[in-house]
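This is what each chain is made of:
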Amino acid sequence: MDTAAFSAWIREFARLVGQNKDYLTELDSAIGDADHGANMTRGLNAVVKMLDEEKPDTPSALLKRTGMTLVSTVGGASGPLYGTAFLRMAAAAGDAETLDDGTFAKMLRAGLDGVLARGKAQLGDKTMVDALTPAVDALDATLAAGMPFPDAMQAALRAGEEGRDATVPLVARKGRASYLGERSAGHQDPGATSVTMLLAAAATTLTA
Amino acid sequence: MDTAAFSAWIREFARLVGQNKDYLTELDSAIGDADHGANMTRGLNAVVKMLDEEKPDTPSALLKRTGMTLVSTVGGASGPLYGTAFLRMAAAAGDAETLDDGTFAKMLRAGLDGVLARGKAQLGDKTMVDALTPAVDALDATLAAGMPFPDAMQAALRAGEEGRDATVPLVARKGRASYLGERSAGHQDPGATSVTMLLAAAATTLTA
Amino acid sequence: MKKLINDPANVVSDALRGIAAAHPELRVDHENRIIFRGDAPVQGKVGLISGGGSGHEPLHGGFVGLGMLDAACAGEIFTSPVPDQMAAATKGVDGGAGVLHIVKNYTGDVMNFEMAGELAEAETGVQVATVVTNDDVAVEDSLYTAGRRGVGITVLLEKIAGAAAEERRPLAEVAEVARKVNANGRSMGLALTSCTVPAAGKPTFELSEAEMEVGIGIHGEPGRRRVPMAPANEIAEMLVSPILSDYDFTGGGGVIVFMNGMGATPLIELYVMYNEVANILGKAGIPIARSLVGPYITSLDMAGCSVTLLKADDEILRLWDAPVRTPGLRWGI
Amino acid sequence: MKKLINDPANVVSDALRGIAAAHPELRVDHENRIIFRGDAPVQGKVGLISGGGSGHEPLHGGFVGLGMLDAACAGEIFTSPVPDQMAAATKGVDGGAGVLHIVKNYTGDVMNFEMAGELAEAETGVQVATVVTNDDVAVEDSLYTAGRRGVGITVLLEKIAGAAAEERRPLAEVAEVARKVNANGRSMGLALTSCTVPAAGKPTFELSEAEMEVGIGIHGEPGRRRVPMAPANEIAEMLVSPILSDYDFTGGGGVIVFMNGMGATPLIELYVMYNEVANILGKAGIPIARSLVGPYITSLDMAGCSVTLLKADDEILRLWDAPVRTPGLRWGI
Ligand SMILES: Nc1ncnc2c1ncn2[C@@H]1O[C@H](COP(=O)(O)OP(=O)(O)O)[C@@H](O)[C@H]1O
Ligand SMILES: Nc1ncnc2c1ncn2[C@@H]1O[C@H](COP(=O)(O)OP(=O)(O)O)[C@@H](O)[C@H]1O
Ligand SMILES: [Mg+2]
Ligand SMILES: [Mg+2]
Ligand SMILES: [Mg+2]
Ligand SMILES: [Mg+2]
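Here the protein sequences come in this chain order: A, G, R and V.
Just add 365 to the spot in the first sequence (first one is 1) and you have the numbering used here.
Just add 365 to the spot in the second sequence (first one is 1) and you have the numbering used here.
Just add 170 to the spot in the third sequence (first one is 1) and you have the numbering used here.
Just add 170 to the spot in the fourth sequence (first one is 1) and you have the numbering used here.
Heads up, some of the hints might be wrong.
Said to hold, decoys possible - So, partial list: chain V residues that the calculated Cβ filter (under 7 Å) puts toward chain A:
| hint | residue |
| --- | --- |
| 1 | Thr249 |
| 2 | Val252 |
| 3 | Thr277 |
| 4 | Asn282 |
As the list claims (entries may be wrong) - Keeping only pairs whose Cα atoms sit at most 27 Å apart, straight-line, the calculated DSS-like set for lysine-lysine is:
| hint | chain 1 | residue 1 | chain 2 | residue 2 |
| --- | --- | --- | --- | --- |
| 5 | V | Lys261 | R | Lys372 |
| 6 | A | Lys471 | A | Lys485 |
| 7 | V | Lys372 | R | Lys350 |
| 8 | G | Lys414 | G | Lys429 |
| 9 | R | Lys172 | V | Lys261 |
| 10 | V | Lys350 | V | Lys172 |
| 11 | V | Lys261 | A | Lys386 |
| 12 | V | Lys261 | A | Lys429 |
| 13 | A | Lys414 | A | Lys429 |
| 14 | A | Lys386 | A | Lys414 |
| 15 | A | Lys420 | A | Lys386 |
| 16 | R | Lys372 | V | Lys453 |
| 17 | G | Lys429 | G | Lys386 |
| 18 | G | Lys471 | G | Lys485 |
| 19 | A | Lys386 | V | Lys372 |
| 20 | G | Lys386 | R | Lys261 |
| 21 | G | Lys471 | G | Lys429 |
| 22 | G | Lys429 | R | Lys261 |
| 23 | R | Lys172 | G | Lys386 |
| 24 | R | Lys372 | R | Lys172 |
Keep in mind the hints are simulated off the structure, nothing from the lab.
Ideal placement from N, C-alpha and C gives every residue a C-beta, glycine not left out.
Just need the whole structure built from these sequences, with the hints factored in.
Here's what the structure looks like:
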């Protein structure tokens, strides 16, 4: 995976989020403040513009500038969380011009660790962690079992989607949805939903 | 017509207005500020209470206290106008214990003159004047033609109702409806409508 | 109808109790529904009283205090107060220098204040002067009609005339200042939604999601015309153009711009609107001397706004800047 | 959706332009979306900055000025600002005595301010202290959740801490005063309607004519429970009871009562509510020392209200009464 691949990944993530902007906002209306779609779209539009203008020339530089741009343009909870995730991924990517599957998996876990460190959510708190954790675990496990990357990434996506779906019955303990108490149950978490778009984008762009 | 008859008249007027409170407010919503029903009901409830408590013992005293009570409790445009009308009627009633038909007619005209003096509206301005003027004219004319009072009062009521209906196509030039300009046309004037209730009450109570 | 009230019949008296509880520096006569300055009557000062239907808060009760009104009479919702109230207020604020009645030009208000003036002068001999505000350019100005409504300028007038009275100027001069403010001021308003009169229980008029009412007053009465929803810059144009066509605001000491909310319009929208109004005035070469942004003369829960422009001069600006201490407007003290 | 705006995407920047035009005594950094005191940084004074999502006006930008905030960062509607803004604001208000960050307890706000503090301290070495408000009793207070929201107390805290900073007290003491205010304050809110986020274009939640949401915050998020509409006295009970059960407001120097409107609630209703709240406090033997009634921390066009009680002492009252000069709160100057 080279810089071009990562660029394609981020652009595809932006495209998916933009396409689902209203859906994400709808989910955030039910248990939040109706802005997750707008927040992520604003941030990813800025990222795409940055990519067009700056054309970062290493995976690490690309991920770092993506994280910084998200931090500077998203705001809310998702800005620092996605931002931190990309900044940690950039650090994990190191100086390499191209990344192998294993490094990518480590990178994704570093991103998850960043989200955990920044947001202090635990698995089951009904947040983006609930989609990202099973996805990262699945990627590790399937690669360790020798599965080729495209299949492993598909497995990771499916695990993330299951994690996302599993947020529905949960009572939120972190983020804005936690204010609803028991009433947060029965709704899908918006952040977990946008995470599956990040995974889906990886599954389509990084498998080539 | 003695004090008891006048008391019955005012109470019947209060009953009719109370019954039509929402209707009067509805009319005032279309071309005014949605309070004519509430205003008149509040005032006439206070008048009925006053009658119960004070039991005024002459027609003039009764009319005067009615006028004063309306002035003190209605507010808006209709308070001073109805109030002045009753105060002028009281003056026209003089000291008599009972009034004859002719005095009643003069009294009603004095009330109309009071409304004109206070409100400075002209016939056709789409106000209560448009119902009161033809009614007073009809009462004078029919009594002059020798019609018995009950029939004359019926004629006055019909003339008032026609006057009320004739306010529908008019463009208002006085009162709150005038702010709508051409848009005031097509709606019946609330004040002209409550005037017909005053006339209807007279037709049922003062004919005995 | 969803309102934070107990009973439509008690809204005004309950609110007056709330005002009394929240503002111990004021004195509320609950029977007559009058809000007085705590120290009224102020000896040697012209007393300023105003009043009108309730539902326009903070106008008028929220403008009682040092540097503004001495008393305000609260009528029922959208219904002018009655002469007894105004007469009692007149007596209560008479500090020997006479009393100015500030009346918004509505048939009911004018007639009730008229009767109050007759009553007060007859009973006590206190000298009463009256100024009637009629700044609403949405309404045609004609001798044969009820004339223009008194709207936004009333707020600015109460502030400026109040400052003149605080300077211990005589009744004739205070009235003169007040008339000058009214003569130099113009307003225009617009509604996105109707308001709901508590006693009526439902909106006074229906307005679709796609339309707005232009040329409304402050009583939920329908406006002059219904037009499609438009962006803020076009709305500002609709409000400011008729004002500028009606009166020449160039020259002089610039204008005081009053961007008013109708009751249910959030402040962020008023600032968006203010920006557009400022742009238009900039292009028209009319400097802004002072500004006031917020809901100061409202129409219950109506969403919408009005713009008032007041052509200023040195005297008006000095009096505008003078200290004022009321629940609704306060500075310098 | 009917709003006085040009484009949902430009609401915040347009409003900031309006604020700049209406308040020449402030300085607006449009690029970073920061509203500064015109004279910032004030040498030797602790700088106070706050910020948060927009849509709560006058909070926070309307509270910038002498005796209150030195700067406010405006985020997108209901979205916390980003660290760059807060870091720029921190640098811009640093007069050598350090900077206090006032943060409402929301995950986004806390994380963004945290990152900003790291940035600012790393880049410039300016000393930053942070106080997080979390006064909303509708939310369970727990270590395992996001904790309570910061709502109404933020307004009182910004005033009181601002006055302490104006006295040139050191950062640690100003932060201490701020934490005391937060510790002694509790709030509870309720909505009659949802608000509509401009970018979403429709109400965040649907509420029937017969129901209200109890325990809402200030972001249009649904509340804790949905109950049938009730009269003002019962509503006051629903808001005040949980506050009084959560904290002992007796003893001390009485309370500051803050009756807040959510944006679309007319002032007359707030006074009706205030009266009921005052009655309840009277029965509970809790004297009212000061009060504030009006829309000061809003939720766009939401109808509803919140009550905040702050247990006062001599220091709090002295600082509350100290002069303040901002677009949203002003007295004594
Ligand atoms: N502490 C946390 N840890 C991880 N994710 C969180 C946390 N708090 C919130 N989130 C995620 O952020 C999402 C909401 O993002 P967004 O709506 O953009 O921000 P905000 O809540 O500030 O409006 C939630 O759906 C949730 O997945
Ligand atoms: N100048 C006037 N002369 C006569 N009648 C008037 C005048 N102005 C208004 N009215 C009458 O008053 C009625 C409205 O009364 P009401 O709604 O109680 O008062 P307001 O207009 O102050 O709300 C109108 O329908 C009209 O008939
Ligand atoms: Mg959100
Ligand atoms: Mg009316
Ligand atoms: Mg009326
Ligand atoms: Mg948000």
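Those earlier numbered hints the structure runs against, lowest number first: 5, 7, 9, 10, 11, 16, 20
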